[in-house]
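Asker: Sequential numbering of the sequence shown, starting at 1, is according to full-length UniProt numbering.
If you're looking for bench data, these hints aren't it; they were derived computationally from the structure. Note that beta-carbon positions come from the ideal geometry of N, C-alpha and C, so glycine has one too. There may be inaccurate statements among the hints.
Label pairs and their in silico Cβ distance ranges [to be verified]: (1) Asp157 / Asp92: 37 to 43 Å; (2) Ser104 / Pro156: 36 to 42 Å; (3) Pro44 / Arg94: 29 to 35 Å; (4) Asp58 / Glu9: 25 to 31 Å; (5) Pro45 / Pro98: 25 to 31 Å.
Subject to a maximum C-alpha distance of 25 Å in a straight line, what follows is the list of computed DSS-like cross-link-like pairs (lysine-lysine) [to be verified]: (6) Lys118 / Lys144; (7) Lys91 / Lys126; (8) Lys126 / Lys149; (9) Lys149 / Lys118; (10) Lys126 / Lys144; (11) Lys91 / Lys118; (12) Lys144 / Lys91.
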Amino acid sequence: MVNVLQGLELHTGVFSPGRRPAADRRMRPPHAGQGPPRPPLRLPPSCVPDSCIVNIYDVDDCIPPHIDHHDFVRPFCTVSFLAECSILFGKDLRVLGPGEFAGSASISLPVGSVLVLKGNGADVAKHCVPAVPAKRISTITFRKMDHTKLPFNFRPDLDLHNLAAPCSSCSCS
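Work out the full structure, taking the sequences as your base and the hints as a guide.
Answerer: The following block contains the structure:
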């Protein structure tokens, strides 16, 4: 039996009301160092995203079962906003009806959570979002394209090429 959840990491409370203000002038995340320590949410440097998908759902919208294309490197992550929803995982997901699916595991994505997908959770298990009960913006999925799969003559935008994520573990400016 294959553990289809191996490699999934759910980080809750990453984006909470107390953490919404913009980063300070040193580009530290809001309220850095306040509150209980959290395990680090890290993607390897080789997986820093260069693309994202923004899904905006109305009531009863869904995403059918799929495995994200392997042109995108692992791990990748998805962020949940506006309303909690469930995401189903399974090696064999079944379609029961419009927006209704059956799978071996369901994970609830609270508002402000980040789900990191790697291992079997990204490569073996299919995943889907059943019909949502409320309007929501999620899953903003962040991914990086495998550099060997970029389109012919692709040239990155030089204005965006040297962007770096804010550093929360030091006081660099």
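Asker: A separate judgement is required for each hint: does it hold in the structure or not?
Answerer: Cross-check of the supplied hints:
Evaluation of the 37 to 43 Å hint for Asp157 and Asp92 yields a pass: the beta carbon distance comes to about 41 Å. Between Ser104 and Pro156 the CB atoms are about 39 Å apart, so this pair conforms to the stated range of 36 to 42 Å. Between Pro44 and Arg94 the C-beta distance comes to about 34 Å, which sits within the given range of 29 to 35 Å. Our hint of 25 to 31 Å for Asp58 and Glu9 holds, since their Cβ atoms are close to 29 Å apart.
Taken as a hint, the range 25 to 31 Å is violated for the pair Pro45 and Pro98, whose Cβ atoms sit roughly 42 Å apart. Using a Cα cut-off of 25 Å, the hinted pair Lys118 and Lys144 holds, with the two alpha carbons roughly 13 Å apart. Taking the CA atoms of Lys91 and Lys126, the gap is about 6 Å. The hint holds against a cut of 25 Å. Simply put, Lys126 and Lys149 have alpha-carbon atoms about 22 Å apart, close enough for the 25 Å limit, and the pair holds.
Proximity of Lys149 to Lys118 is assessed by CA-CA distance (about 19 Å); at most 25 Å being required, the pair is judged to hold. The suggested pairing of Lys126 with Lys144 holds, with an alpha-carbon distance near 19 Å, which does not exceed 25 Å. Straight-line distance between C-alpha atoms of Lys91 and Lys118 comes to about 15 Å, which keeps the hinted pair within the 25 Å bound. For the proposed pair Lys144 and Lys91, the alpha carbon gap of about 24 Å is at most 25 Å, so the pair holds.
Checked against the numbered hints above, the structure breaks only hint 5 and satisfies the rest.
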